[in-house]
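Work out the full structure, taking the sequences as your base and the hints as a guide.
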Amino acid sequence: MVKIFTLRVWILVFFIAISLLAIRPNPFASGIEIKSVSANSLAADNGLKQDLKIIKVNDIDIKTIADYNNAVSYLNKKPVELSIVTDRSKLKVNVTNKIKIGFDENLTITKSEIPGLAIGDKILAINSKDIKNITDYIDLINKIIPKEKITIKTKGGEFSYLTYSQPEITVRDVKKTNIIKGLDLEGGTRVLLHPKEKDVTDLTINDLVSVLSNRLNVYGLTDLSIRSVKDLSGNKYVLVEIAGVSSDEVENLIAAQGKFEAKIANQTVFVGGKKDLPFVCRGDGSCSGIRSCNAAQGGYQCQFEFAIRLSSEAAKRHAEVTKNLQIIQSPDGRSILEKNIDFYLDDQLVDSLQIGADLKGRETTDIAISGPGSGQDQKIAQENSIKNMNKLQTILITGSLPVDIEIAKLDNISPTLGNDFVKNTFLLAIFALIAVTLVVYIRYRKSMIIIPMMITMISEILIIMGIAALIKWNIDIAAIVGIIAAVGTGVDDQIIITDEVLFGEKETVLNWKQRIKRAFAIIMTSFATVFVATIPLFWVGAGLIRGFALTTIIGISVGVFITRPAFASIVEYLVNK
Amino acid sequence: MSIADFYINNLKKLQLIPIIILVISMGSLFYAYSTTGQFLDKDISLKGGSTITINTDKDTTNIESFLNSRFGNAEFSVRKLTKFGTSVPEGVIIETNFDKIDDIKAALEDFLKIKLTNNNFSVEITGASLGKAFSSQIIIAMIFAFIFMAIVIFITFRVFVPSVAVIFAAIFDMIVAMAGMNILGIKLSISTAAALLLLIGYSVDTDILLTTKILKRKTSGNLNDRIFESIKTGTTMTFTAIAALLVGYFLTNSYVMKAMFMVILMGLFADLFSTWLVNVYLLKAYAEKHG
Numbered sequence: 243m244v245k246i247f248t249l250r251v252w253i254l255v256f257f258i259a260i261s262l263l264a265i266r267p268n269p270f271a272s273g274i275e276i277k278s279v280s281a282n283s284l285a286a287d288n289g290l291k292q293d294l295k296i297i298k299v300n301d302i303d304i305k306t307i308a309d310y311n312n313a314v315s316y317l318n319k320k321p322v323e324l325s326i327v328t329d330r331s332k333l334k335v336n337v338t339n340k341i342k343i344g345f346d347e348n349l350t351i352t353k354s355e356i357p358g359l360a361i362g363d364k365i366l367a368i369n370s371k372d373i374k375n376i377t378d379y380i381d382l383i384n385k386i387i388p389k390e391k392i393t394i395k396t397k398g399g400e401f402s403y404l405t406y407s408q409p410e411i412t413v414r415d416v417k418k419t420n421i422i423k424g425l426d427l428e429g430g431t432r433v434l435l436h437p438k439e440k441d442v443t444d445l446t447i448n449d450l451v452s453v454l455s456n457r458l459n460v461y462g463l464t465d466l467s468i469r470s471v472k473d474l475s476g477n478k479y480v481l482v483e484i485a486g487v488s489s490d491e492v493e494n495l496i497a498a499q500g501k502f503e504a505k506i507a508n509q510t511v512f513v514g515g516k517k518d519l520p521f522v523c524r525g526d527g528s529c530s531g532i533r534s535c536n537a538a539q540g541g542y543q544c545q546f547e548f549a550i551r552l553s554s555e556a557a558k559r560h561a562e563v564t565k566n567l568q569i570i571q572s573p574d575g576r577s578i579l580e581k582n583i584d585f586y587l588d589d590q591l592v593d594s595l596q597i598g599a600d601l602k603g604r605e606t607t608d609i610a611i612s613g614p615g616s617g618q619d620q621k622i623a624q625e626n627s628i629k630n631m632n633k634l635q636t637i638l639i640t641g642s643l644p645v646d647i648e649i650a651k652l653d654n655i656s657p658t659l660g661n662d663f664v665k666n667t668f669l670l671a672i673f674a675l676i677a678v679t680l681v682v683y684i685r686y687r688k689s690m691i692i693i694p695m696m697i698t699m700i701s702e703i704l705i706i707m708g709i710a711a712l713i714k715w716n717i718d719i720a721a722i723v724g725i726i727a728a729v730g731t732g733v734d735d736q737i738i739i740t741d742e743v744l745f746g747e748k749e750t751v752l753n754w755k756q757r758i759k760r761a762f763a764i765i766m767t768s769f770a771t772v773f774v775a776t777i778p779l780f781w782v783g784a785g786l787i788r789g790f791a792l793t794t795i796i797g798i799s800v801g802v803f804i805t806r807p808a809f810a811s812i813v814e815y816l817v818n819k
Numbered sequence: 005m006s007i008a009d010f011y012i013n014n015l016k017k018l019q020l021i022p023i024i025i026l027v028i029s030m031g032s033l034f035y036a037y038s039t040t041g042q043f044l045d046k047d048i049s050l051k052g053g054s055t056i057t058i059n060t061d062k063d064t065t066n067i068e069s070f071l072n073s074r075f076g077n078a079e080f081s082v083r084k085l086t087k088f089g090t091s092v093p094e095g096v097i098i099e100t101n102f103d104k105i106d107d108i109k110a111a112l113e114d115f116l117k118i119k120l121t122n123n124n125f126s127v128e129i130t131g132a133s134l135g136k137a138f139s140s141q142i143i144i145a146m147i148f149a150f151i152f153m154a155i156v157i158f159i160t161f162r163v164f165v166p167s168v169a170v171i172f173a174a175i176f177d178m179i180v181a182m183a184g185m186n187i188l189g190i191k192l193s194i195s196t197a198a199a200l201l202l203l204i205g206y207s208v209d210t211d212i213l214l215t216t217k218i219l220k221r222k223t224s225g226n227l228n229d230r231i232f233e234s235i236k237t238g239t240t241m242t243f244t245a246i247a248a249l250l251v252g253y254f255l256t257n258s259y260v261m262k263a264m265f266m267v268i269l270m271g272l273f274a275d276l277f278s279t280w281l282v283n284v285y286l287l288k289a290y291a292e293k294h295g
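Respectively, the protein sequence lines represent chains A and B. Just so you know, we're using the working numbering here: the first sequence kicks off at 243 and counts up by one. Just so you know, we're using the working numbering here: the second sequence kicks off at 5 and counts up by one.
Please keep in mind that the hints were generated in silico from the structure rather than gathered at the bench. Note that beta-carbon positions come from the ideal geometry of N, C-alpha and C, so glycine has one too.
Just a sample of chain B residues kept apart from chain A, beta carbon distances all over 12 Å, derived: (1) S6; (2) K16; (3) Y35; (4) T40; (5) G76; (6) S81; (7) T100; (8) L116; (9) A291.
Here are the computed lysine to aspartate or glutamate pairs in the DMTMM-like style, where the Cα-Cα straight-line distance is at most 25 Å: (10) A:K633 with B:E128; (11) B:K262 with A:D662; (12) B:K117 with A:D662; (13) B:K136 with A:D444; (14) A:K516 with A:D608; (15) B:K104 with A:D646; (16) A:K633 with B:D103.
Structure follows, in structure tokens:
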């Protein structure tokens, strides 16, 4: 008596169950969840975290991304015009959130991101109200541009805080499965980096990966994957994939080696990185911002400035180098040292600053770094300065890359393509299954063959997806083709088994077991050839089609070791019945 | 006389068909080589340059001549995307060696009168040296794949002529598929190269079936019966694959997949000849001689 639930069928059932658990299909899931939270933001400080499902914003139910955007749109405020009077100028500025200036107790400006408000100016009045002290200032500003309260109710609790701007988070529709879509389906930026030097060790590549990921994290990009890849000739690459970000910010940030040096009289005083610079001011208007903006040839040029703290060794070096410098008079009559401090980024001079005479030979730890940004008009010049400043701050915090690198490939993929593609692939899979079934039916005209064959194909797709979800492997276009290829060879094998079992009848000497064994002799050989032919693909194209190679190999292995034995078992049962 | 009899009695004459196919294919490849210096035209991912994809329902008909006139010394090749089965425009794919993407983007915004954002504009840029590295990788991978495959085949069958026949069939399929790519203008890329490698797998499937039946099943039925059994099984295998790939080819909205499916389709078509004409002929002769 032949049973249908043989051990081989149970193994298949087991793997399907595991796969379903891994994929966790949840087609009825709805709502949105947090995709990423910007580092060092108000949202992060107030405890918002990735993957939290958002239920309500300010008592408004949130079902879709559009709901969310509407609910937080009140935080997109219209700019308010402020007329500011200082002891040296009068000006009007438009602001939407806090005024990006810093000042001391006398209301003398110490930092400013507002063009026209220069350091050293003293604020006298805002919107015709006299400002006598800091309290006056804060009261008035809070009245003119009040902070708004936002309450976000999530599955993980309620978060409520005061803010000027929309939460610094990105949201997505709640995941309906655990399958991770690849970059070409989800949209985003992919950069393939190649060290300019030859013979780079694995250790250096690992360092490169860690500095880069640190750098991107400091910059505020969290949803990213960085890994090193090697190709068949031993070339080493670093592959960076960031979901949902445009390429130019990334390009700017990672293409630079970021070798920062501050030199006085050609001697290096300090370099970027934690060792020399334990503290770099970033994202804090009181110690970083735009210092001044001026009309320059054909446009505007702005200067940014931010504070850093030197380690004691670096401060000692500063004292050592400045000790022997002469004190001279600057053109505007100040006492300065004869040599400037020069800031170099990747061997390019960024800025050169005079050193006050009082710093001569001193182990000073607090220093300001500055640099320019230019543009056609003041606004663009200012934006560019802020961009340059962010980049320089990031580089100073994370240090330089261990090797100089070049961008070998830069892809920026829109998410629209992927959305259509996924729908399209489902349709395609269904029709391809129907086509295969039709050909098989024409050949055998027996539903007892077709049903197990379809079950096998579908369970193969399920198990491959399940394994991908389990090992957190991205499903991209290449992987989908791999799945199609694997299922295709699977069908071939099933046809071989069917023919051996059904039409091997002339050889009555053989029993079912022997026939299936013979079928497997053929199947195993073709499995082995596909397997070995696919292996080299792992290293081709700097790993860009690794998804294809891996899914093909997983697919054919699942086929040969799990689904095919079960199929043989089922066919054996049906034929004997 | 039945088709089967005709087939089995005229196997030698029928060799003319695969020979003609092979000659035409090789001719096409060598012609390409003599005119362009390479057997297959490489795509941007292998020679360096940029691929721009725009999703838009705007008419993109004159985009190529527009770009050529705007950027005189650059090369542009444009492929229109349409919704399946209609002529409704869905977008456009532009390949170029011009590296000022921002300029192209601005010009296209001008021309199409739409704003190009992250949501409708994709760009993939490959450096020339990386393209070169990728090309050589592909060739190395193909050589390795063939060597590994040959080793498996030799270990399995342990006889020279039949093993060479299997390997020859794979080469034949690949050459025909490559010639087809040439004629249809499908460029060699990382993905079409992967398709060519996949072809090895699909191609040897049927050959292994045939060789096993002829060489290892001498006790069951006479030689011709075993050949016909193999043909029945093998063509069912090939036709299911062709059916699925045809459906895929016509339904997919991804050019990458379309190209891959087409390459495998052409290879499978070639496989019908290489296996059921050439290989049957060689193996039959071998089996009769070594009885």
